[in-house]
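A.B. asks: One letter stands for each residue in the lines below.
Number of protein chains: 2
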Amino acid sequence: MKRSVQIAEQAGYCFGVRRALDMVKEHLTGHDKRVYSLGPIIHNPQVVEEFRKRGLTPVESLASVSEGVLVIRSHGVEKELLEEAHRKGLEVVDATCPFVKNAQRLARQLSEDGYQVLIVGEEAHPEVKGILSYCGENTLVVSSVEHLEGKAISPKAGILAQTTQSQERFIKIVHAVLLVAYECRVFNTICNATLARQTAAVELAGAVDVMFVIGGRNSANTARLAELCRAGGTTTYHIETADEIMPEMVSGKQRIGITAGASTPSTHIEAVQKRLEQIDG
Amino acid sequence: MKRSVQIAEQAGYCFGVRRALDMVKEHLTGHDKRVYSLGPIIHNPQVVEEFRKRGLTPVESLASVSEGVLVIRSHGVEKELLEEAHRKGLEVVDATCPFVKNAQRLARQLSEDGYQVLIVGEEAHPEVKGILSYCGENTLVVSSVEHLEGKAISPKAGILAQTTQSQERFIKIVHAVLLVAYECRVFNTICNATLARQTAAVELAGAVDVMFVIGGRNSANTARLAELCRAGGTTTYHIETADEIMPEMVSGKQRIGITAGASTPSTHIEAVQKRLEQIDG
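Chains A and B are the protein sequences, given in the same order.
Numbering-wise (UniProt numbering), the first sequence opens with residue 1 and increments by one.
Numbering-wise (UniProt numbering), the second sequence opens with residue 1 and increments by one.
Treat the hints with caution; some may be incorrect.
Identical copies go unnamed one by one, so any copy, or any two together, can satisfy a pair.
With a straight-line Cα cutoff of 35 Å, these simulated DSBU-like cross-link-like pairs (lysine-lysine) come out [stated by the list, open to error]: (1) K253 x K151; (2) K129 x K172; (3) K2 x K151; (4) K274 x K79; (5) K53 x K25; (6) K156 x K33; (7) K53 x K274; (8) K172 x K25; (9) K88 x K156; (10) K253 x K156; (11) K88 x K2; (12) K274 x K151; (13) K88 x K172; (14) K253 x K101; (15) K129 x K274; (16) K274 x K88; (17) K156 x K101; (18) K88 x K253.
Hints are computed from structural coordinates only; laboratory data are not their basis.
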């Protein structure tokens with residue numbers, strides 16, 4: 001029986017990532033200023049390397065940059081950092097995803113209106129750090145219901161989510177907050193593309209024998225896709241490139257599914273598809 | 001073995017009902033005007049009868065009243081009805097429960113701020129009719145998740161509850177709305193006394209062989225108490241007075257629990273307790 005390799009309906013670059021990369025490309029051509037990105041431009045090591053060759057230098061902190069162009073990647077950054085970059089006289093290219101900007105704006109508004117802001121997301125994620133910087137002091141970042149235990153929740157709680165969170169986790173946390181807060185103002189800031197990608201991945205995972213989820217190991221949304229596929233009971237491999245595919249991964253498997261995170265270029269997806277089709281059953 | 005009869009920790013008159021009855025009593029003494037209540041003053045036929053003897057006349061509609069004092073009971077009424085009573089020159093004693101007033105105020109505010117208001121409650125309940133009158137046209141009254149099916153939910157949804165709803169039902173409905181609305185502003189208007197009474201009832205029901213829930217058959221909150229006790233698997237009787245207790249209801253039962261709705265006077269509770277203690281095992 002011939003092996004089938006199918007790519008999820010929504011997979012790969014999201015609107016925000018594509019937009020950020022386009023903005024960077026524009027500044028890498030026809031300019032003589034040096035161009036820096038704060039952290040890797042996207043959570044994909046291969047793409048970062050490619051852009052480094054084109055002239056984009058990732059830096060760890062603003063202290064390393066004294067002149068030139070500073071690109072703010074799609075995740076966004078802390079408010080203070082943006083202010084500092086302007087103070088330093090850098091040319092700032094703000095490629096923050098508009099959906100992330102919206103979450104930052106809502107967080108600030110809720111905070112100003114006296115809500116205790118709860119951000120559903122991962123504390124260490126740059127997007128969350130950025131959103132957090134727009135909030136007051138008693139803001140909480142929660143990644144699970146267990147996280148809420150022992151925390152003082154204000155009677156007036158404002159909840160939003162990191163744009164790439166899973167809807168299920170978000171709703172579970174809102175549910176828990178509803179039990180203790182009097183007013184709960186919830187903004188579902190999970191981006192539609194993320195939702196669509198997750199839904200398509202779960203759907204495909206349910207119809208195949210093995211799933212390959214392509215994306216940076218440092219990409220939270222890719223890791224979440226893999227987690228969701230696995231949760232349905234399908235054997236799932238999180239890989240960065242086609243090179244990682246071993247014949248034993250697909251041995252005896254007839255139906256293979258592929259999906260990819262928001263920072264995964266289509267070339268990677270195509271390479272994985274090709275390798276899976278050629279590998280011996 | 002001796003039979004034990006235990007009353008739930010919170011049972012009987014709530015703050016709003018007690019307050020309303022006190023306000024009525026005050027107007028029944030030392031005044032020569034006739035005093036009317038729109039509908040039964042509370043959902044307890046025996047108490048209504050007692051107050052009728054003291055001079056309080058329940059009327060079905062405002063059309064029956066042309067002079068005197070009009071008492072608005074704790075459930076509250078439609079905005080238009082209150083306006084009409086004032087237009088008619090009646091002396092209005094507004095005994096609307098402050099928690100219900102608060103729900104009315106929030107509903108109006110949400111509506112004015114562009115939210116589609118969703119009231120979790122029973123469409124036919126006077127409290128809900130009252131709250132509804134403060135909202136815009138696309139307001140929905142929902143008593144279950146199934147109720148939401150096929151309904152158009154605005155991206156900006158404001159949710160509140162009839163003060164005597166069960167928390168569990170409320171949260172289930174919020175959960176469902178969260179899946180479709182972008183912003184969901186939730187006010188948990190379920191009154192603390194209701195919650196405390198429900199919690200105490202469920203707790204007691206879990207520790208006894210049979211539960212008696214005392215309150216008017218037309219009392220929604222009493223019916224809900226009975227429903228919650230039954231849901232835990234305990235045999236439960238919803239009765240209005242001690243006279244309804246039959247020996248077979250407690251035959252062979254050692255541990256008996258009692259609770260009562262927000263419109264149930266303590267004299268009823270005591271009478272039931274006494275009857276249960278005297279009845280033959």
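A.B. asks: Next step is simple, just say for each hint if it's right about the structure.
C.D. replies: Here is how each hint holds up against the structure:
Taking CA atoms no more than 35 Å apart as the test, K253 paired with K151 passes in neither setting, with 47 Å inside one copy and 43 Å between copies. For a Cα distance limit of 35 Å, the shortest separation of K129 from K172 qualifies both inside one copy, at 22 Å, and across copies, at 31 Å. Taking the shortest alpha-carbon separations for K2 and K151, neither the intra-copy value of 55 Å nor the inter-copy value of 46 Å comes in at or below 35 Å. In the homo-oligomer, the alpha carbons of K274 and K79 never lie at most 35 Å apart, since the shortest distance is 43 Å inside one protomer and 68 Å across protomers.
Proximity of K53 and K25 under a CA criterion of 35 Å is satisfied intra-copy only: 12 Å inside one chain copy versus 87 Å between copies. Taking the shortest Cα distances, K156 and K33 never come within 35 Å of each other, neither inside one copy (48 Å) nor across copies (45 Å). In this assembly of identical chains, K53 and K274 lie within 35 Å of each other by CA distance solely inside one copy; the values are 26 Å within and 89 Å between copies. For the identical chains of this complex, K172 and K25 are neighbours neither inside a copy (40 Å) nor across copies (48 Å), given an alpha-carbon limit of 35 Å.
With identical chains, the CA atoms of K88 and K156 are never at most 35 Å apart, being 38 Å at best within one copy and 41 Å at best between copies. Proximity of K253 to K156 under the C-alpha cut-off of 35 Å is found in neither arrangement, the shortest distances being 52 Å within a copy and 46 Å between copies. With identical chains, the CA atoms of K88 and K2 are never at most 35 Å apart, being 60 Å at best within one copy and 84 Å at best between copies. Proximity of K274 to K151 under the C-alpha cut-off of 35 Å is found in neither arrangement, the shortest distances being 50 Å within a copy and 45 Å between copies.
Taking identical chains as interchangeable, the C-alpha atoms of K88 and K172 are never at most 35 Å apart, the minima being 43 Å within one chain and 51 Å between chains. Taking the closest pair of Cα atoms, K253 and K101 never come within 35 Å of each other, the shortest separation being 43 Å inside a single copy and 64 Å across copies. For a Cα distance limit of 35 Å, the shortest separation of K129 from K274 qualifies neither inside one copy, at 38 Å, nor across copies, at 63 Å. Taking identical chains as interchangeable, the C-alpha atoms of K274 and K88 are never at most 35 Å apart, the minima being 47 Å within one chain and 82 Å between chains.
Taking CA atoms no more than 35 Å apart as the test, K156 paired with K101 passes in both settings, with 23 Å inside one copy and 19 Å between copies. In this homomeric assembly, K88 and K253 never come within 35 Å of each other (Cα to Cα): the closest approach is 56 Å inside a single copy and 81 Å across copies.
Consistency note: the structure conflicts with the earlier hints numbered 1, 3, 4, 6, 8, 9, 10, 11, 12, 13, 14, 15, 16, 18.
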